[in-house]
Structures are given as C-alpha cells and as structure tokens.
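Trainee: Following the hints, complete the assembly by docking chains V and E onto the known chain S.
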Amino acid sequence: MLRVEGLTVDYRAGGGTVHALRDVSLSINEGEIVGIVGESGSGKSTLALAVSRLLRSPPAIQREGSIAFRGSDISQMKPSQIDRVRGTGIFMVFQDPFLSLNPLMKVKDQIAEVIAVRMKRSSTPFDRSSAEGEVVAHLKTVRIGDAEDIAERYPHQISGGQIQRVMLAMALAARPQLLVADEPTTALDVTTQAQILAVFKEIVEKTKMGVLYVTHDLAVAGVICDRMAVLYGGMVQEAGPTDKILFDPKHPYTEGLMNSIPSKTKNEGPLTAIKGSFNPEGLEKICSFAPRCPMAREECRRGVPAQTPVDGRTVRCINYGENYES
Amino acid sequence: MSRRRQALLEVQEVTKRFSIGRRSLWDRVARKRQRYVRAVGGANFAVGAGETLVVLGESGSGKTTLGRLIVGLEKADSGRIVLSGAEVLPVREHRTQRGRLQMVFQDPGSSLDPFMKVMDVVGEPLTRSDVSGGARIEKVVQAIDSVGLDRSVLDRRASELSGGQKQRVSVARAIVSSPEVIVLDEPTSSIDVSIQAQVLNMLVGLQQRNHYAYVLITHDPNVASFMADNIAVMYLGKIVEQGTAAKVLHQPKHPYTQALLSSTPRLHERSIPEAIKGEPPSLINLPPGCPYAPRCPYAMKVCGEREPGTYEIEGLSVSCYLYDEDVMNEPGAAV
Amino acid sequence: MGVFGVIRQLASRPAPLLGLLIVTAFYGWSLVEGLLQLVGSLTHNTPLGWVLLQSNPFTPSTSNSLLPPSFSHLMGTDDLGRDIWTRVLYAAPTDALVSAVVVGGGILVGSLIGIPAGYIGGAVEEVNMRFTDLFLAFPALILAVAIEATFGRQLVFAILALIIVWWPSYARLFRAEALRIKNLRFIDAALLSGLPDRSIMAKHMIPSSLNTMVSYATIDLGNSILVYSILCFLGLGIPAPAPEWGSMTSLGLYYFPQWWWYSLMPGFVITVVVIGAALLGDGLRDVLSGGA
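Chains as they are written, first to last, in the working numbering: chain S, 1 to 326; chain V, 1 to 335; chain E, 1 to 292.
It is worth saying that the hints were derived from the structure and are not from the lab.
Glycine included, each C-beta is placed from N, C-alpha and C at the ideal position.
Check before you lean on any hint, since a few could be wrong.
Said to hold, decoys possible - Simulated restraints, written as ranges between beta carbons of each label pair:
{"#": "1", "chain 1": "E", "residue 1": "Pro196", "chain 2": "V", "residue 2": "Arg33", "range": "33 to 39 angstroms"}
{"#": "2", "chain 1": "V", "residue 1": "Asp120", "chain 2": "S", "residue 2": "Ile61", "range": "36 to 42 angstroms"}
{"#": "3", "chain 1": "E", "residue 1": "Leu18", "chain 2": "S", "residue 2": "Thr186", "range": "41 to 47 angstroms"}
Looking at chain S on its own, in the form it has when it is part of the complex:
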C-alpha cells in the first residue's frame, strides 16, 4: 500500500547541504505496523514528513526516489492533488500533543470536521447529529474516560495523554489507509504510553490500516511493530521482521543501541556505549557508522555499503559481504 523506493532528501541550511535521507526504501501493507527507529540526526522525522508530504521545499529537496501510495507516486504530486490524499488517505499523529489541536475549537468539533471531510470525499451528505454520535463512539473506542464530557471540552482543558487519544479518535474518524505516527508517545508518561500503545494495536486490528511508527525507543518499537528499520545517518542500516532484529541484531549500530539501554547494575561494570557522537561531515562516501563502529575495518571506508540480505532481513554492513553502492 505504501512503497518508498530509494528516497533521497537533502536540506539546504545555513550555507551547506545536509543529507537527511539517502536511498531509503520500505513498504507497508494493510494492517501492518512498521517501525522506524533512530536517534537525532538519523532522518526519521524527515521520513515521516516526507511520506505525509509535509516537508517544506525549500529548504528540503528530494533528489531521488519515489513514494508510492496505492500505486501513485505522491512525491511528485501537486499540492492540490495531495490535499485529496491527506486525511482519508494518509493521516498523521505528531509528537507534541499540545500543538496538534486547534485551541479555539471544541474536541468534538475538530473530530466532526474530519468526518465532514470524509463524507465530502465519498459524496455522502453530512449529518451533524449522526456525526456527533460517531465522535463519541470513536472517543470510547480509544478508551477515553467520560467520552461525552471530553467531547465538549477545549484542548487546553485535557491532558497530553487525552489529546493523543483524541488524535487517534480522529484517525478512526478519517478512516485513513495509512497512519504516520511521529514519536506519538515520547512526550507522555510511561503509564499513559502503555495505554496509548494498547489503543494503537486495537485500532489497527479493527481497521486494518497500515502504520508508519517513528520512534527513538527500541523497546517501544519492539512491543508494537511487526517489522522495523533502523536508521542512522539518513540510511537504513538494518531492516526486517522485529523478532529477527531484536533477538539477533546483525548491524553493529543496532547492537550498540541495544547495549546502551541499561539492563544491569553499575556494579556489574560500565555499559557498553557507542563511542563518540554523530557528525554528518565526511560521511558521503563511506559507511556512515564507521567512525563510531567497534567493528570498523579498512573496507568500511572504501564505499557506501549496500543492503545485504542476511538471515531474513537486510543489513548495510561490510562485515556481511563486501557489497557497495555503485
């Protein structure tokens, strides 16, 4: 349903060019939750914005690649065509709940607005009272307490966790085929996050929508995603079924990321940290992780490694075969 092929996006910023995404490919089918895991500078937010066609261009420039949604390349569509895709085709949930809703409209009116758009696109007449009924039904589905009461409130009167649930209720109202979620639970407490994750899974099972779930938290990705891709330096370093990657990580970065999550006490010795920090300079022609990689060899700098199939997933690492990007 969504197929991204070879997506390469640059940013022109402050007199230089940042290679935000390089040759990123992925696909999402119906009812699948695909995770994108990366830290800051990995390009994960750029990818989420690119798929939702919310990138500002300039300063973002798509150099290569395509984003095929239901067969058509939305990356080449004009804004008027994209407008018709948004909402009922692709819906997005953002990280900061307090920036997601219009502070001047009641919750129920904002969800009803989405229903109105959906009705208009399917040429069905919009009936306010049945729409309001649908609003409350969706709020109940996302397990918001006191749905009727919340529907009448304004965004500043409800909590962050409740706002994210309202966004998911909006997603249910829009009935999109693809949901792009950019760190939807990062700003929430762990206990609220657990509730939202449960709701996520439920609505995906119910509606069979595809989800692109962007996060920096490997554990969250492990819990909710069927397949995932690990991003570093704008490139997909390892991608495949979540089980494979979590229980048998092949790429040194994926391993390093897992070891960085504390799982023992300090008395058992220091954490195996990845050395250094991400520096985008000088990475154009070599493996982007090489400067920090504990397994780096000379061959890592001969070119950009190509994605190599290994044990049911792909890895971009010379240690699994000397394949380079041409």
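Mentor: Here is chains V and E on its own, set in the frame of chain S:
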C-alpha cells in the same frame, strides 16, 4: 538505606506547596480559598557519601521540586534538609558559601548561558570562593578533563555545543567546587540513547573516584536499575515506597510501583505492557486519602479517607494500607 | 556565531545587504566628518569641517541661487545658492549623534529600570513600572518644546528631551526579557554558585537581553532620526545657519513645488537612512533568531 553510617544528607519530613493564581482584593473579600498545589508531602530519606539514591517518578510526581528543595532552590514549608548535621538554607536568602550542594538540570538548552564561554560557565561556582585565578583555571581544566571533554571546548560558547556536550559541561560545572551532594534532574532524558550510556558511565566513574552522594531523579526504570543503590518511588508528591534498588525493582510492594514497572516496555518483550487505568488526578487541592487510591486495583474504603502511614516490610518502606496489619486484620476490610 | 558570521549572513540577501550598506555609509561618514568638525571647532580651525566637501556649506552665492540638480550640484542649490548635497553631508553627523545617544541612552536607562523590575519583581517591579508608565505618557514634541523654551534651543536639550521619552519602551522590553530569562536553568545554577543578584543581572541578564534587543534598537536608530528630524522641521532644532536635515526640509517647503529639490532632497535622504536602518534591523532579527 544507610543507617549504619552517619548519613551525609538527610531529608526530614519535607513538605512544599505552591499557591496558584493571584488572589485579588475581591477574592479576599469573597473569602475564596487560596488554591494550592502540594508538590511534595512529607518526604523522608537519607543518602550517604558515594551512594546514589534514585527518585523514580513520572511527571507531576513532585520529583523535580524535591530536587530543588534539597539544594535550596526552593524553601520547604515544613521539615528540614540536613547536610552533615547542618541545616541547608534556601539559596535566595542565604547566598553565602555554596558549593557543597550542586545540581545538574534536565534541559541542556537552558542549563548553560548561551553567551558565555564554557571556561566561564564551569568556573562560575568558584567565583565566590577563596580560590584564586590560576588555581581556578586549573580546577576548571580538571573538571573538563574528568567529564571526558576535549580542552578545546573551553574557549567555545555554550550555544555552539551539542546536547551531549552541554550535559557534560553541566556536570563539570557541578563538580568544580568539589561538592558533597549532587542532585541530577533527569540528566539523560533530553539526549540520545547512545550518548546516554556514555554519560551514565561517566557519572558512575566520577562517583567512584570522588564519593559524591547522588540524588538522581528519573522516570526511567532502566536508568534506575543501572545507577541506583537505593530507590524512592514518588507519586503525586508522596514517596510511596523506598528501599534498596534490588528490592524495589524486583519485589515491589506498592501497587503503583508494581504498575509503573510493569507498564515500562522492556526490550525483547513483544507484548504490550499492562496499563494502569485512568489518569493522574490534578495536584490542585488533592482529595483526602492515599493519592493513588482512585487508580489502585486494591483500593479499600480506608484508602479514600486518610493517607496511609509508612510501614516497614521485608526491608522496604511502603506507604500503603495493604501492609497495615490493623487494617488488614479487620473483618470486611476490602472494598 | 561571531560578528563576521552575522555580517556574512546579512550580506547574503539583498534587503539586509542594502540596509547594511546604507547604515554603514551613514555612520561611517558621520564619524569621519563629525571628528573633523569637532577638531575644527576645538582648534578654531572651522574650515576643517568641509575639507572633504566640495565647498563651504555656509558661503552664500546669490548668483547660484535655486539651481536644479545637475552634475556640479547633485541636489541643486538652496535660496542662498549653497549646494544642498554639501549641506546634507555636513549635517549628517548631527543626526548620527542624536540617534546613537538617544537609543544608547534609552537602552542604558531602560535596562537599569527594567531588568531589576523583571528579575526582582515584587515592590521593585511595581515602583519601576509605574514610574515607567508615567514617562510613557509624555508626548515627545510637547516635552521638547517645553524644555527648549525653558533652557534654549541647543542640541543637548533636544537630545535630552528625546531620551526622556525614549527610555520607557526599553524599560518594558528589558523587563519582559528579564522575566523570560529568570526562569532559565542557568540562573538557578548562578544562584547555586552563590552569585548575588546584581552579578546575576549584570553577567547573565544583560547579554541575553541585548541579543534580543539588537534588531529592535537598530530599527529604532531610524525612528529616532525621524523624530528628531520632525522636531527640527517644526523649528525646534539647532538654529540656522547650521544645516540640519529636518530644518532644510522645512525651509524648502516655502519653495515647493517649483524648486522642489530644496525640500525633497533632504527629505529623501532622511527616508533612505530610516529605511536602511529598518532593513538592517529586520535582517538582524532573521539572522539572530531564525537562521542561526
């Protein structure tokens, strides 16, 4: 808990509340009640030199306020903070010789004055001390070295550094005056996971060499499991459970601790963690009784009436009626 | 980012670049010419003031009266035959001085009143801000008239009048900045370091607030020139024969529209400088906040 040694830092029944909204003349005439947020209620614990106490809690638990109370950035409404037997006075009223208590803040962006050079930022705690120019520079360089930064950052402005570097500078500033207690408020929450591991390792190393007492505030049980000798779990301003790290993390007694730990997604777990129902209530004018009662699966009638005391059980201090023998032995106690 | 970095960023787009050039040319010229005039008057060698100019700005020449703009007289001549472009150049340092002193004075007084108001709050804030409100209500022109009527028509009194009406806006700006900065974590760190309030205000509040204020202050330079020119236009500036942009524009009105250049040329120069300051200020705001 360090009962065997004289504790370095003691927090005794500390309470802090903030008034909200400004009462106008009309409000006073109409006898409107001043509304309060009870940020911290009756906190009690001790930390020894070279030990780490982790204050584990989510947002709204009062953990940041507790941290600020310890170093004196806030003034407690009741109770005392005691350092080596002497009371810690609020910093706004007593500006004299500080340096024994220091703090590392959560947000690297606002922790450092963006227009100052790193050299001056790290040297600031020494401005009021007797340490002179040359010796001061030496201490600053030493501090920068010990947090793993290259000396070239000294001449750069704070705004030019990355998030991880800023946190290291923050730590350097905290250690330059050779403090005894360092409060770290979510020191790694705003930085990447891969850098977090480096920073945590560095903090452990510094503590081993210099025997700082750390009060580390976090919402992340993984960070707690790595760093903590002891853990105090906070919910809505109250410490609901405390004890050694192993006991709190692996045999928690308080229902909130159990729920918090079970809702944290664990790496390699493929199923959604169990969630606690409901939302935390507002901190404003809390209802009587145990703050967790509205969401607690084991709530009894008495839980909504009076706040529970603290009960010692199997090496843990728990604030929950489930461990109050009198309550539990009463016939028909459970709701 | 450094001063050079800022300049480079400003120069990269046409509008700020134009503003930068205009402002640099204006103040640069004013500095040089102003020093010559100053040294000249101190050493009783007044001709020093026009050594760089094509002619003596004071010497009348009735035969050249009211000539239109040409190659020999870029802006034409006035009723006394004096070259207008020369007089404009000669008068420039006055406006430059006024703008620098008024805005500088406004910032100085404004910071002394506004920063403690924001940082300390409470009674200090109340007293300072009500005091500020008092002065905010003064109309500049009326005050200027009153002061000059009492003390005489001299440049220093015009400047004084302007500073008095200028500082309240800065007081408000500095107070707002102090309120914002005092909640930042590095202020907590300074408190923990034992710094007294006055050090915190000087070391931390001032640099951060000045950074925010630089673009506003730059545009304000233009505003102050405009207001001063209006004062002169209304007859409150330095008396003739000293050239002054506002006065020249005013006098020139008697000869409008037939000898349009007399009034319009000085007015045009005022406009160019004010717009230049605005463009530069705008550019600075973009560079210092967003682009960086």
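Trainee: Now tell me, hint by hint, if it's right for this structure.
Mentor: Right, here's what the structure says about each hint:
Here the CB-CB span from Pro196 of chain E to Arg33 of chain V is close to 37 angstroms, well matched to the stated 33 to 39 angstroms. Between Asp120 of chain V and Ile61 of chain S the beta carbon distance is about 40 angstroms. The supplied range of 36 to 42 angstroms therefore holds. Roughly 44 angstroms separates the CB atoms of Leu18 of chain E and Thr186 of chain S, a value that falls within the hinted 41 to 47 angstroms.
Hint violations for this structure: none, all hints satisfied.
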